[in-house]
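One-letter residues, chain by chain:
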Amino acid sequence: MMMTLELTSWLSPLLANGDGAGNTAWMLTSSALVLLMVPGLALFYGGMVRQKNVLTTMMHSFVAMAVIGVQWILVGYAIAFGADHFGLIGWSSKYLGLVGISPTTEYHHAIPELVFVMFQGKFAIITPALISGAVAERIKFSSYVLFIILWSTLIYDPLAHWVWAEGGWLFKLGVLDFAGGTVVHVSAGVSAVALILLLGRRRDYPDGAILPNNLVLTLTGAGLLWFGWFGFNAGSAVAVTGEPIAGPTAGLAFTTTQTAAAAAALVWILLEWLHRKKPTSLGIASGIVAGLVAVTPAAGYVIPVWAMVIGAVASVLCYGAVQMKAKLKYDDSLDAFGVHGVGGAWGALATGIFCSVGATGLIGGSGAQFLRQLLGVSVAAGFAFAGTLVIGLAIKLTIGLRATEQQERDGLDITIHGEHGYHLEGV
Amino acid sequence: MMMTLELTSWLSPLLANGDGAGNTAWMLTSSALVLLMVPGLALFYGGMVRQKNVLTTMMHSFVAMAVIGVQWILVGYAIAFGADHFGLIGWSSKYLGLVGISPTTEYHHAIPELVFVMFQGKFAIITPALISGAVAERIKFSSYVLFIILWSTLIYDPLAHWVWAEGGWLFKLGVLDFAGGTVVHVSAGVSAVALILLLGRRRDYPDGAILPNNLVLTLTGAGLLWFGWFGFNAGSAVAVTGEPIAGPTAGLAFTTTQTAAAAAALVWILLEWLHRKKPTSLGIASGIVAGLVAVTPAAGYVIPVWAMVIGAVASVLCYGAVQMKAKLKYDDSLDAFGVHGVGGAWGALATGIFCSVGATGLIGGSGAQFLRQLLGVSVAAGFAFAGTLVIGLAIKLTIGLRATEQQERDGLDITIHGEHGYHLEGV
Amino acid sequence: MMMTLELTSWLSPLLANGDGAGNTAWMLTSSALVLLMVPGLALFYGGMVRQKNVLTTMMHSFVAMAVIGVQWILVGYAIAFGADHFGLIGWSSKYLGLVGISPTTEYHHAIPELVFVMFQGKFAIITPALISGAVAERIKFSSYVLFIILWSTLIYDPLAHWVWAEGGWLFKLGVLDFAGGTVVHVSAGVSAVALILLLGRRRDYPDGAILPNNLVLTLTGAGLLWFGWFGFNAGSAVAVTGEPIAGPTAGLAFTTTQTAAAAAALVWILLEWLHRKKPTSLGIASGIVAGLVAVTPAAGYVIPVWAMVIGAVASVLCYGAVQMKAKLKYDDSLDAFGVHGVGGAWGALATGIFCSVGATGLIGGSGAQFLRQLLGVSVAAGFAFAGTLVIGLAIKLTIGLRATEQQERDGLDITIHGEHGYHLEGV
Amino acid sequence: MKLVVAIIRPERLDAVREALESVLDEAGSYRLTVQKVEGHGRQRGQTEYFRGTPVQSKLTTKVQVTIGLNDRYVEPAITAIIRAARTEGGGAVGDGKIFVLPLEECVRIRTGERGGSAI
Amino acid sequence: MKLVVAIIRPERLDAVREALESVLDEAGSYRLTVQKVEGHGRQRGQTEYFRGTPVQSKLTTKVQVTIGLNDRYVEPAITAIIRAARTEGGGAVGDGKIFVLPLEECVRIRTGERGGSAI
Amino acid sequence: MKLVVAIIRPERLDAVREALESVLDEAGSYRLTVQKVEGHGRQRGQTEYFRGTPVQSKLTTKVQVTIGLNDRYVEPAITAIIRAARTEGGGAVGDGKIFVLPLEECVRIRTGERGGSAI
Ligand SMILES: Nc1ncnc2c1ncn2[C@@H]1O[C@H](COP(=O)(O)OP(=O)(O)O)[C@@H](O)[C@H]1O
Ligand SMILES: Nc1ncnc2c1ncn2[C@@H]1O[C@H](COP(=O)(O)OP(=O)(O)O)[C@@H](O)[C@H]1O
Ligand SMILES: Nc1ncnc2c1ncn2[C@@H]1O[C@H](COP(=O)(O)OP(=O)(O)O)[C@@H](O)[C@H]1O
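Residue numbers (my numbering), protein chains in the order written: chain H, 1 to 427; chain G, 428 to 854; chain U, 855 to 1281; chain A, 1282 to 1400; chain L, 1401 to 1519; chain Z, 1520 to 1638.
Hints listed in this document are in silico derivations from the structure and should not be mistaken for laboratory results. Among the clues, some could well be false.
To be verified - The following label-pair restraints were derived from C-beta to C-beta distances:
#1 U:T1252 to H:P206: 38 to 44 Å
#2 G:D634 to Z:S1636: 36 to 42 Å
#3 L:K1458 to H:P206: 39 to 45 Å
#4 H:P206 to U:L1052: 41 to 47 Å
Stated by the list, open to error - The calculated lysine to aspartate or glutamate pairs, modelled on EDC-like cross-linking and capped at a C-alpha distance of 20 Å, are:
#5 Z:K1577 to H:D204
#6 U:K1179 to U:D1264
#7 G:K521 to G:E593
#8 H:K325 to H:E405
#9 G:K704 to H:E405
#10 A:K1339 to L:E1421
#11 L:K1458 to Z:E1632
#12 U:K1183 to U:D1264
#13 A:K1339 to L:E1418
#14 U:K1131 to G:E835
#15 H:K277 to U:E1262
#16 A:K1339 to L:D1471
#17 L:K1458 to Z:E1540
The C-beta atom is built at its ideal place from N, Cα and C for all residues, glycine as well.
When you get a sec, could you build the whole thing from the sequences and use the hints?
In structure tokens:
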């Protein structure tokens, strides 16, 4: 039963030289890699909470794959990448349920559009899941699910349009965000703060001895995140036209990703060593993530040594932010703001400082890009913060945001999900 | 020490346009992804059993990588994809040990044949491992190993020939199975039932409180399965000629895979919510797998919205089937039939309903494909069931199928393998 | 903000046919896969130690990603692949910090050079991490970090130059090492022995009952290693010029990798079955790794059936070597020598026996290649052993190599890193 | 001297500890040992779900608090434990039990002290 | 009142529980507490293998069953435990041990009841 | 007969076992039961770090050794435990405690033997 598709459109000018399959191969791989980041995040976060909440914490990531997975196909892509309206919002009804996209429809004459839909869809999935770290161990599961549906539709999708769609107003102003420093990390990190304001602290924070149930999971998650991030960043070369996707820009983004993560991991444990004489495994995992976050907006625009600096500074800033939390006693359970908010903002600004490939930053003697980046960060932060407050408040006043006192005490796993993470006793 | 290979055959007409490397890149990636599904399955299953059987359950998957890994090279590929004999069996002695396949031998003028051998070999590995879920916590390890060797050689390899080899009789009748709904999932699910009939229930089932030792593993496994399944399904575009492999069909299959998994995961936990008020992590993991199973035969033939429906319905059917088990009190330990048998059969039939790319289904107004699909499911189910009964009975009557009463009670890990999964006590 | 890069050099003769994107896609994927091996190794090793040392053991691998990740960019690549000096050492100051490599600089007219830098960099990361298995549960963390920086710079980078750089003296003599049998495994395995001599045994070895804390981790790690190894070996086709990288040689290397791993895993548990009547999960994991190690130097030079033999024999030799350890009572905690040293040496020699693709070995009637391989193994072993002794001694005499008696007794996790791997008690 | 062994709900441990502290903490004599146990009483175990099927373990997780006391502290300790461990609103099945055992000797390992002053 | 502490093979727990139920279950008085312990006796620990090398832990996993009883139930309980915990065919090393301790007081936390009726 | 219950540092378990062996191992009478407990005493728990913030658990991990003994072995056992469990240099907070309880009956499950010979 051989299938014969109409290939005319496929053999478009650029692809006639044969990069089509190579580009598509890399974008399929990248999309799969970004999907894997979600279980990676589940492990990263799941390992840090107490045993009684390990499953609900992991489900925060997994359920994003389910609900945003569906939302993106139904309306998300249409809002983010549909025809532009005033630079503010996208919408093409042919994108509803993707019914107007045939398998042979192309994106940028480079890959099937469906592959681009998938690649972008994984970003939409992981972003709200990042927020969950801030509200772990106390948010009600149903409220969380409702929250991410609204947040994705009302905050993420428009923001992605502004920054990444060709008609988006920030895009047109020249704000650079290679793979999501503002769209993904700043928005998630700042939204985390807004939610924390509405939710309050865990009953045992900061007095109780809250210790991670399984740091092996956290390390494993960090490893999967690093691995998947190569798809996240190097796959974002898809936005660069005029060269093969699996080409120079992807290679550069891959390199800066690796470099920043390594430098950040190293610096984080050095800081711990100086500060507490204990280089920790949670520290190396945190440094990895901080470095990856910070290089995300810059990945295709900076050279490897600057990426190293971006990663190193990211660890200093994020480590500092986390120490502030202990001082200010707000309860960002797993430091979604401290790592993603701070790291993402730094990375976005650093792009304006260090960029030299395809754009010129402060080190190249031009301040314009830096100002654009500042604008991008401010807009993303302001929009995400205000929007999250509104959505969060609406949920709080209707179905409530927080688990009951008893659920929190006995653990959300057994009380909300009817399960325990582990049954490891022989008895 | 440069190597110079004969490149003439490589630069065949289709590849002259340069898709060769791109296609091969994607197929290498896909093959690696499918291999990763096996450890993924080991984690998925391993997390669900009791602590005393976690290793033996994981080894059921790992040992399939070892023995079927060898069997496929020696004879499996020759039986499945060797020269056709009467539509019933393949055989080419040059495929024995792959000695007749040089590195430059091509498959479909698109990729090196060795890559195709590898891709298909991973399917052969994972299929018997799927069955192991049904017999977990009581089958004797040596019997299991013998069983999968025989089952693979006598059931899987011929079935793969019938459905996927160009001379196979089901292939020629036009039965569609994009990536293994009948060959992989129906055959495994139905064989599970046959084995259960021979094995009987676990001593503690259904009265004892059998609880999963580590649902974190199960979630992680589900994540790896989802990731790997992109290779499973989108790699199966290799069978579509006349376009690049890493092209439209792969993009479509990737999209439907994602979509079905997301929808199924969502529906499964909604069902649990309605039924028991507890959306569980095992539920989300199960829904993911049910959706992936169901979309497997349809992946390259249906559009994304229908894939969503296929996934959603799969969860309803599989969830229902699992509830039946509790009623009928047969002991399919980890629901190999409930998920793979039911989901695979539904997916194969759904292909006949919803297909519109490269074939026309019921929704396109033609019932012929649906009838072909019904034939495919029936044949696969009947053949696998009968064959498994025969093989299982032969083993039962010779070396026996079941672990001893004492091994089952004390755990197969320590009694058969001389190991414990965990030593987590400080003492 | 579209980026337009200079594409002239990219469209070089070979790539004009369009394999560029496909090659790059595969090399990006391979590089990511090799990076994933490091967390895989962390799990593989981490599962085998006692609970009190699980984190420090995993950190041995993770910290290699951090420090060698930085070192490779700064100087490592310049030493290994910089301009050759007398066949003994590489050095190009433009490679310092990679500043002289633009995103469009090509490697072998096939892929961006940055991608090659990344691919090779992952090899540099994992190699010292392999050694850590030998010194687990007793080495001081800071000494370990210092050790791997020195070892990588003084041993690994020169050795990689000798064997893999086009001017390297062993390369010019025709020593074959497809993906690192001598450079990676022999050097790591032999260095392990040298370090053990300096460190001595763990206080509880061999009398205490040292049992692995979590074999699920070890199995998972073995699975990730197998998966990642496809990048390690099939990505090494990058060194073969004159054909697409994602082409015949990659396909062959992929196949031999799979085949050897499967055969070795099978043989290892058969040996255990014969020897102890217990086929173990640690055994299947060990066999997988032994097979992968042994086929590494041979992957692109032998046909699949010989790869199967190489894997099978590797298990026999490694299993034997491990039994010797129990006799000789030296304390190679996790058998870095027994598996990597022995397996790597066997693989390198086996390449000289079985090679038939691009070179002729003993089975082809020519002994020359075997002698070259013998030379390669001897040089790598001698150089790594002597060099490690010197570096290790220098560290021992300055900051010391070993954790204190009390740290070792109470566990390195809590005493050095201030963490416990698990907090799984409800209390 | 007595050895008081209380089997309580895990979530009450902190409250019990505080209650004991308030009646005992004189001259640093507040010491206790805690362990996780599984109880089988009138209370049913928690219900978990396996793909929609309820699974109820026969045992419920409890915490056992052991505390060696001089005689005059026994009654205050019992009262404190009851106060802190009993479910609000008159107690509920599963609240637990206190056992008092005679203690013949007590030795402080650090100093070798014996008897009441070593407790 | 007595506190009966039985150290048994883990795999015998269910049988012991059933045996105790049959002799004790009057007026809902069947209650017990279970915990995992490591035993060191004449029995050797299980042999595990690490790449072909046998590793024998000195300790074997046991289960400790603790049950507070009124005096007249002590003998029936001991007999029941012996019956259920002993290996078929005359017992085997590792079957375990029963200790009987005097119990001075017993308090039901839920109600504050004391003594025999609180057990 | 007595039941000696010693709460010690986990890292001292091996030493205590050896010390007990040397005083008790006559006629195979060296048997004991070990379990992990959490201690709350004057000793503070270990400090762990969570991204630079110190977290101190209130409880410290201890090991409880339980051993049933005939009367004449009690004193040698206590001395042996003290010797092996005490921190070098005069003991340190956290070294632990030994409780001695009266034991009314002891039954060997394997044989049904009772009393001193069953210990
Ligand atoms: N007689 C007893 N012997 C041993 N343990 C007991 C006894 N009575 C109660 N327990 C322990 O206390 C826990 C709580 O008992 P609970 O069901 O509340 O008893 P009650 O109904 O008498 O209040 C039980 O799960 C068990 O662990
Ligand atoms: N005197 C004792 N003190 C403490 N525990 C004991 C004692 N005797 C036996 N045990 C416990 O009972 C378990 C089983 O003992 P076992 O070897 O069967 O004893 P016996 O040889 O006397 O039947 C031991 O592992 C230990 O946990
Ligand atoms: N009176 C007691 N009751 C119960 N447990 C005790 C008591 N005294 C000590 N312990 C146990 O012994 C452990 C060590 O106590 P430690 O702080 O060394 O006591 P001391 O200061 O009296 O030497 C404690 O953590 C606790 O588990």
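Against the structure, the hints come out as follows:
no. : hint                          : result
1   : U:T1252 to H:P206: 38 to 44 Å : holds (41 Å)
2   : G:D634 to Z:S1636: 36 to 42 Å : holds (40 Å)
3   : L:K1458 to H:P206: 39 to 45 Å : holds (42 Å)
4   : H:P206 to U:L1052: 41 to 47 Å : holds (45 Å)
5   : Z:K1577 to H:D204             : holds (13 Å)
6   : U:K1179 to U:D1264            : violated (26 Å)
7   : G:K521 to G:E593              : holds (18 Å)
8   : H:K325 to H:E405              : violated (23 Å)
9   : G:K704 to H:E405              : holds (19 Å)
10  : A:K1339 to L:E1421            : holds (13 Å)
11  : L:K1458 to Z:E1632            : violated (25 Å)
12  : U:K1183 to U:D1264            : violated (23 Å)
13  : A:K1339 to L:E1418            : holds (12 Å)
14  : U:K1131 to G:E835             : holds (18 Å)
15  : H:K277 to U:E1262             : holds (18 Å)
16  : A:K1339 to L:D1471            : violated (26 Å)
17  : L:K1458 to Z:E1540            : holds (13 Å)
Checked against the numbered hints given earlier, this structure breaks hints 6, 8, 11, 12 and 16; the rest are met.
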